[in-house]
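Those protein sequence lines, which keep their order, are chains B and G.
Residues in the first sequence are numbered consecutively from 1, following this note's numbering.
Residues in the second sequence are numbered consecutively from 1001, following this note's numbering.
Some clues are possibly wrong.
Under the rule of at most 30 Å between Cα atoms (straight-line distance), these lysine-lysine pairs were calculated in the DSSO-like manner [unchecked claim]: (1) 1129(G) with 1036(G); (2) 30(B) with 1212(G); (3) 1112(G) with 1044(G); (4) 1188(G) with 1226(G); (5) 1178(G) with 1226(G); (6) 1036(G) with 1112(G); (7) 1178(G) with 1112(G); (8) 118(B) with 102(B); (9) 1112(G) with 1286(G); (10) 1212(G) with 1340(G); (11) 1112(G) with 102(B); (12) 1112(G) with 65(B); (13) 1226(G) with 1212(G); (14) 1178(G) with 30(B); (15) 30(B) with 1188(G); (16) 118(B) with 1129(G); (17) 1286(G) with 1129(G); (18) 1273(G) with 1188(G); (19) 1058(G) with 1340(G); (20) 1226(G) with 30(B); (21) 1273(G) with 1286(G); (22) 1178(G) with 1129(G); (23) 1340(G) with 1028(G); (24) 1340(G) with 1226(G); (25) 1112(G) with 1273(G); (26) 1226(G) with 1112(G); (27) 65(B) with 1044(G); (28) 1129(G) with 102(B); (29) 1212(G) with 1112(G); (30) 1044(G) with 102(B); (31) 1340(G) with 30(B); (32) 102(B) with 1036(G); (33) 1188(G) with 1044(G); (34) 1036(G) with 1058(G); (35) 1178(G) with 1273(G); (36) 1058(G) with 1044(G).
Hints listed in this document are in silico derivations from the structure and should not be mistaken for laboratory results.
No experiment lies behind these values; they were computed from the predicted model shown.
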Amino acid sequence: MAETQSASKSSDPMEAMREMRDAYLGVMSKAMIDAVNTETYAQVTGAMLDGYLTAATPFREGLDKAMLQWLEQMSLPSRQEVVALAERFTNVELRLDDIDAKLDRIVSLVSERRTASKAAPATRPQAAASAVATSRVSRKTATKASAPVARRAKAAKSTSARKPGPRKG
Amino acid sequence: MTQAAVFPETMSEIEEQWRTMSRVLTTKAAIAQTPKELVWALNKARLYRYIPVVPLEKRHAIPLLLVFALMNRPSILDLRRGHSFVEFMVSQGYDVYLLDWGVPGLEDAHLKMDDYILDYLPRAIRKVKLLSGAQEFSLLGWCIGAILTTAYAALRPDDGLRNLMLLTAPLDFSDPSKLTFARWTDEKYFDVERVLAVFGNMPGEMIDYGAKALRPIENYVVNYLKLWDNLDNPSVVESWHAMNTWVTDNIPMAGGAFRQLIVDLYRNNLLMKGEWIVRGERVDLKRLRASLLTVIAQGDHITPPCQSEAIISRIGSTDTDVHRVPGGHIGIMAGSAAHKQTWPYIDEWLGARSR
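Extracted from the complex, chain B is given alone in its bound form (with noise of 0.2 Å):
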């Protein structure tokens, strides 16, 4: 089986073209990982990246002051002023994402008092005592923004507890 591959192999003029050309382009690889590691390879290619920034600049700010014009008189906003705009956005998104992490401390903190006072019935003086110390500690570190959150919760919660709970029969 072996022997009938490497025969056929061997007659197909196709494979020997391949493994010529495959040893050339080993060859010319080599050569042109060669030439880019060059020092004249980095200044060729430098002098080429000046050469189209120079040759583009002129042209961009052509183009850049022809379309504020346009789009000014068209009542559009520049591109300048949509940049400006998604700036805010993101600035926005980060207020949010910090609001977020506040509100996820809140929710734990609270889980936390009610996991302790669940978990300790009998000596719930002491696990009162040690919630209103976290609440306290909360409160010290939440900052200005997310202490009507705290209260809105804390106030929510208090509600809760005093509603009348379902009536059997």
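Please build the complex by placing chain G on the supplied structure of chain B, with the hints as guidance.
Below, chain G alone, put in the same frame as chain B:
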């Protein structure tokens, strides 16, 4: 068989091959197919959580966050079904998250590595901790992602980072003679300010050209001949198609971050010198205390091994490991041998430290 019968058969084979060639060159393969959900977003960044396939009681306790480079899509980590690092890690019981930096627009031209390290990364990590319920986590940074995760690990050592894995990490720029990029971006030849003044961000096409020009014959000739030679082999064709889809999906790099990469790192090697200042804080590698695995690609021409070796002696961690893999910058994680040489090693190393 007569000569007349052979001719049409050959013609139809050639026609079929042309059709295959045209399909893979003009269409996009279905990549990044492992099921995931979006769990957090900020500006262009997105945090995904992969849907677990292992029951909760059999999963590792420590979640894993993957952080890829800024100038390529992270889909290389989840290339195609049956050959995806993400799919492999999910099947091994990890709670896997992926931070996709997204495509920066003109409004993001000012974004620096400082922003990625101290704004985006900690916020994404907070979400990972919240969703996983774990106080500790593991990070895997690849290429520029390794720079960001290393700096984060040194700046915020008390955030709960237990394990840090760096893949082909370009951290040490002390020997420019071994770095072709360093030669090309030398201030004598490359005016980074002028480029950014014109483009805002570093265009993806220029980054792509830079990466391909390091091995011009391989990337511009041999790559296509490999496809041509294997047009009758569906498995090679599909693999080539998936890789080509990823390679041709170029994205720009935020101007501020690119400037830092060239000036602070390539030209001045500030990270290794211990002089890199990120938003007013010095990145002191001695403060990095997490367990560290660095995976080095022995045939890497983008990040030569010498760039990833020195980190081990500079950090404060006592649990360190270096894994050398034959292959290139991308091949070690997405090549045909990755599932034998790289992924099992990472799984074994991380599994022992994720309990």
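(request) Of all the hints given earlier, name the ones this structure violates by number, lowest first. (result) 4, 22, 26, 33, 36
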